[in-house]
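J.: Chain by chain, the residues:
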Amino acid sequence: MYPAELIAPIELVVSTRECRKAETWPRLGDAERNQLLKTYHPDYKEAAFRNLRVGSNKGDRVTHEFADLLESYSDLDHARIKLQPEYRTDVLVLGGGGAGVSAALFAESLGARVLLATKLRLGNSNTIMALGGMQASVADGDSPIKHFADTMIAGNFAGKPSLVKALVEDGPGIVKWLLDIGVNFDRDDDGNLTTKNAGGLSSPRILSIGDHTGLNIMKVLKDELRKSGRIELSEFTPAVELTTDANGVCNGAILYDIGRRRHLVVQAKAVILATGGSGRLHNQGFPTSNNFGATGDAVVLAYRAGARIEGLDSFQYHPTGVMFPEHMVGVLVTEAIRSLGAHLVNGKGERFVNELDTRDLVAAAIIREIEQGRGVRTPAGKLGVWLDIPVLDELLENGLLKKRFPSLFKKFMRVKIDITKRPLLIYPTLHYQNGGILIDEQGESTVPNLFVAGEAAGGIHGRNRSMGNSLLDIFVFGRRAGLAAAERRSAEARPLSLDHLTRYYDSLKMLRISSVAKSPTLFPEFIVDKL
Amino acid sequence: MLTIELEGRKIKVPEGLTVIEALWDTGHDVKRGIGCLSGLCGACTVAYLESGAQRVKFGLGCQTVVAEGMHVIMLPYFPSRMAVYDMESMTNPLQEVANHYPELASCNDCKACNICPEWIDVAGFVKAAKDGAYEVTAEKVMDCHMCGLCASRCAKSIAPHYVGLYIQRSCSRQRSLPPNLARRLQQMELLAKDPEFAQVPTLSADEIEVYCYTILGI
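Protein sequence lines, in the order shown, are assigned to chains L and E. Each residue of the first sequence is one higher than the one before, counting from 1 in our numbering. Each residue of the second sequence is one higher than the one before, counting from 1001 in our numbering.
The list that follows gives simulated cross-link-like pairs (lysine-lysine, DSS-like), each with its CA atoms no further than 25 Å apart:
1. E/1031 <-> L/222
2. L/416 <-> E/1057
3. E/1193 <-> L/176
4. L/196 <-> E/1140
5. E/1156 <-> E/1111
Since the hints were made in silico from the structure, they are not lab data. Fair warning: this is a prediction, and the values are worked out from it, not measured in the lab.
With these hints in hand, go ahead and build the complete structure from the sequences.
T.: What follows is the structure, encoded as structure tokens:
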């Protein structure tokens, strides 16, 4: 329910609704776009970044949040841990979202022994929250080559062509695999997969499952994992360090058992990092749409082991993250509602951007309104602008809005806000890590036998991920990494060491760095600031 | 400040916090009961009794705001039996519902399972499953995030969420290959022989740009 102090601002929005309907807002030309992005988009705020002083990407620009973790010693006293493996396996998968579970399933399909270790429950991930859908070039007028072109353009040509080629080529095969295990993609009356359009796509290409695409795929994958009985699962045991052999080849990890508060050492022929994104590092204090465990652990572990990262200074900010009520801050309101014509309205009751422009531009425009003093203040003291849904009166006829967006409607009715009558307060939310640990087409990083899949991997999406490509890349590279990692199982097992860490720490010492951090972060610190 | 009873202990918390926030605020190191914090994953299920109420209610800890006198506990998960099956090797999984979940037949429609935090009509889809109306069940469980609260209420130890998932997967598995996908998969063979596309990884940055714009006719 909206409190008294927001009633007058809401009346203002209502009063301007009629004139706003008649307005048209042109999309910005190139010069204006660049100006707006450079001035207001978080990726361009120079003060929020610094150049790394150590490691494989020394000199490259990353966020302070990551640099703080990479340019410090871990608070784990490694000397106290005996590197005698308690578990031996062929493939160690770290992370239990879409990429991790796919990797485990495919590694096992080649006969490899697999241990899948997760930080929280199996399935706790950003995957389950993916609402929009998954790109795959199945429509008749479409082709993988068009998918390639769309993806390269969306990423500003910073994506690696070989990785994007792999992504689009594997798409249709991944869809077949998911259908074979019983995933229920939406179909039309003729049994064809329905494909929806989205910003930046030359052809409709988004497959979906109702309102909850990611959730419905993850449910099936978790169920599938139990099938063979040969994939061992270890929940609530995040990795805190990787191990390598005397040649720097990755051969295991140190896990921390949260429940029993002890470390366990795992020896593996290959390791797959699939720990997801880093939204819970809250770049520049932004709210995030990400799950609780998204603290960028993979980047920290891999970087210390010597891996190269790619594009870790580019993040996707989804324009419409909820700002009220307080406990829903950061949760996404689907882009589809803007596609149908909802307006973005500032504190003066005015529109200020073409709502269907690209995400980065719309996000920058919202930030501009706030910084220029035209925002709306929530009772908790945060600032946002309005997302005016009631302006879609054709949709409100006959309860059509409720039928098209049942989850959205119910979510807000739960907090006594009727979206058919009231606007929502929103602000850009940190949504996706565009870069990550650089991989090749098999998912291998620059550290031998260390593979990466999913949001943690870098080199695919360039400077901006196209909607629906993340759900595809987790399965494409999860599968590739799983198959490639399984092939390493016949290699000789070598003793585990932390030599890579000694080398890394030596480089910190040479720079007189003495800071110690909880690195990897594992869990964000939360200060509930309502007191 | 409000006084609530959290995991059996009377404690003061500020107004307006959710159950999860109240646990953090009072120094509980919550790990097992946390997931997406957006009401979508079912990790943080709670049971609570409101002040003066008689009926216990169920919900998600990240979305339930505490009130004065509320008595609340976390229910991390429920140990229901899950059937094991290899969906990929089954051609008619719908015929085997009763084999994998025989307890379904003992449902007497008591509706105790209708406490779903996503407002799913659980008793309705269990009845549909029992009656063989599998498409109805599959449709109704699309919003299910497998929290297991429904299973915790069933006097017959039926696990509606597992039964629903089996049926959802089976209905989809039994459908034939979508025609548009079938056509695309056939065409993939030709694509592998496309010389221009095969060369793409060797192109320079400028050549890639030209290639992409040409493909899209821009």
